[in-house]
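Student: Listed below are the residues making up each chain.
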Amino acid sequence: MTDAVVVEGLVKRFGENTALGGVDLTVSEGTVLGLLGPNGAGKTTVVRILSTLLQPDEGRAEVAGLDVRTQADQVRAMIGLTGQYAAVDEYLTGAENLEMVGRLYRLGKREARSRAGQLLERFDLSDAANRPAKTYSGGMRRRLDIAASLIARPRVLFLDEPTTGLDPRSRLGMWEFIADLVSDGTTILLTTQYLEEADRLADRMVVIDRGKVIARGTADELKAQVGGERLELTVGTVEQLAVVTDALRPLSHGELHADRQTRRLSVPVTGGTDTLAEALRRLAGTSAQVLDIGLRRPDLDDVFLTLTGRSAEDADTTTDAEDSATVSAGAQS
Amino acid sequence: MTTLAETVSDSVVITKRNLIKVKRVPDLIVFATLSPIMFVVLFRYIFGGAINLPPGISYAEFLLPGIFAQTVVFGSTVTGASIAEDLQKGLIDRFRSLPMSRSAVLIGRTVADLGLNVISITVMALTGLAVGWRINSSIGEAIGGFLVLLVFAFAISWLMALVGLLVRTPEVVNNASFIVIFPLTFASNAFVPLESFPAPLRAFAEWNPVSTVVQAARELFGNVPAGAPVPDVWSLQNPALYTVLWTIAILVVFVPLAVRAYLRTASR
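If you read the sequences in order, they're chains H and F. Position 28 of the first sequence, counted from 1, bears residue number 28 in this note's numbering, the numbering being contiguous throughout. Position 30 of the second sequence, counted from 1, bears residue number 30 in this note's numbering, the numbering being contiguous throughout.
A portion of the hints provided could be inaccurate.
[What the hints assert, rightly or not] Derived SDA-like pairs (lysine to any residue); straight-line CA-CA distance at most 20 Å:
#1 H/Lys134 <-> F/Lys16
#2 F/Lys16 <-> H/Arg113
#3 H/Lys134 <-> H/Tyr91
#4 F/Lys21 <-> H/Tyr136
#5 F/Lys21 <-> H/Glu96
#6 F/Lys16 <-> F/Glu85
#7 H/Lys212 <-> H/Glu62
#8 H/Lys212 <-> H/Glu8
#9 H/Lys212 <-> H/Arg200
#10 F/Lys89 <-> H/Ser137
#11 F/Lys21 <-> F/Phe39
#12 F/Lys89 <-> H/Gly165
[What the hints assert, rightly or not] Per label pair, the in silico range of CB-to-CB distance:
#13 F/Val253 <-> H/Ile214: 41 to 51 Å
#14 H/Trp175 <-> F/Asp27: 54 to 64 Å
#15 F/Val172 <-> H/Gln74: 46 to 56 Å
#16 H/Gly15 <-> F/Leu245: 32 to 42 Å
#17 H/Ser183 <-> F/Ile179: 54 to 64 Å
#18 F/Ile119 <-> H/Thr164: 38 to 48 Å
#19 F/Ile179 <-> H/Gln118: 22 to 32 Å
#20 H/Lys212 <-> F/Leu257: 34 to 44 Å
#21 H/Trp175 <-> F/Leu42: 58 to 68 Å
#22 F/Pro26 <-> H/Asp167: 27 to 37 Å
#23 F/Asp27 <-> H/Arg69: 41 to 51 Å
#24 H/Asn17 <-> F/Tyr45: 33 to 43 Å
#25 F/Val172 <-> H/Ser183: 23 to 33 Å
No wet-lab data here; the hints were simulated from the structure. Given the structure is predicted, the values throughout are model-derived calculations rather than measurements. Cβ coordinates follow ideal geometry from the N, Cα and C atoms, glycine included.
The task is simple: from the sequences and hints, build the whole structure.
Tutor: Encoded structure:
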């Protein structure tokens, strides 16, 4: 499989501030790479360099085999970009927005119109096609924005935080649309702060923090770094905690952890649902009242916490300084 | 690289996009035309009797070329605010990621704003005719008068495009341009003859390109009385030439600077 995106030793500085301190990553053709990290980690800077909006200071970046620095014009013809804020013209209708972008990708008039029609249909915007985008909801704008970046059938699509600011329902809808694109074979580089989102959409992940890659691999590989699955249950009273601890000890592959405050027991296990079934049989033989039981696999929040010592959300607040540095550097350039 | 034909076609797409906004937001056109109408009427009837003019000309004839100049120069400041707005909304990012001509966004913007100026100057000319303004020259000269005004304003649009790309906040662009443009248009011969100005201000006003735009328009519309004294500075003796030189100079400096700023700009 060839790589649609190759990034090697990418460095970008904004004045004193190093936004990217040597990032390497590749995206194989037809796959989705999730670029994860808190605000200010450098995700958007990577996307902006790959979409030719920013020049790197050092390193190599190629998209579809073309150098983003020396072959920027050809790169632009191959890519679609959906930025963090829905870049649609509010005064144009949905159809006009798409046709405009199609024409600027140098599609003929007729082709731009027919592609616009197809994409409006596909993104559930046909009914709103002739309304100014100003009247659209946040989710509709995002869909229109993604539709615009797809109009010329790009080989590589960059989605920069495609669901930030959307309500949970629109986010689920957006995930379905993105999953559809993936099944069409579009290569996608997706940035997100939502670990659940990457888990759901990406084949492979790269986690960056403060401009450096701190982990990479599939979701399973990353999760393996923080340990395996656990059986977790809650019981009715504190006394019952001792009873269930005794009953489940033989299944445990490590230290059991009982929390008296929440009346919760956590048992490291292997064997998945078979173990769960066995646990249920053993619990039925006790008098304990089990309120809630389940197998829990570590999620990417656990991964982030283990790798950086802080949760993805805490990291947000500690990197405000980097964000403002990026803004002022943008103004200078 | 993009060819000239591609640049033209991309610029047409962007111009259309900008003009659709004018159609969808009628307030824009209402305000772009109401304030000049107001100016024409207020100045004509309030200052009309108080300002000493050379014999042989009515204040309406003296005033209209001045109002035209002030309005189109102010009209071209819209360019800066609109570019800043596109930057804020991420549209410039989108355009910059497309395989389109590198100058088309700015060309489409300035051409659309030129279109707006054509509309306001038409409305003002009609209002002027209603309050006593007359064109006393040939059709060719009159067209020349309108062209001098519009082309000068088009050049100012490019200057404002650069300001918009650097300042990046529409409100700030508006305030900043007001502070510069307002004195520039008032420290000119647009509303009163320069003879009444104190000496240093008069020297400034004589070389102020707004004065020469106005003077050129007055001459081309035949709004200068036959017996008026010949101005004693070169700029006002050759107002059309002096204005064209300014227009070319502004374009030569600011078109490349604005395109360069566009290519380097980042929306946040």
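Student: Among the hints numbered above, which are violated by the structure, and what are their numbers in rising order?
Tutor: Violated hints (numbers, rising): 9, 11, 14, 15, 19, 24, 25; every other hint is consistent with the structure.
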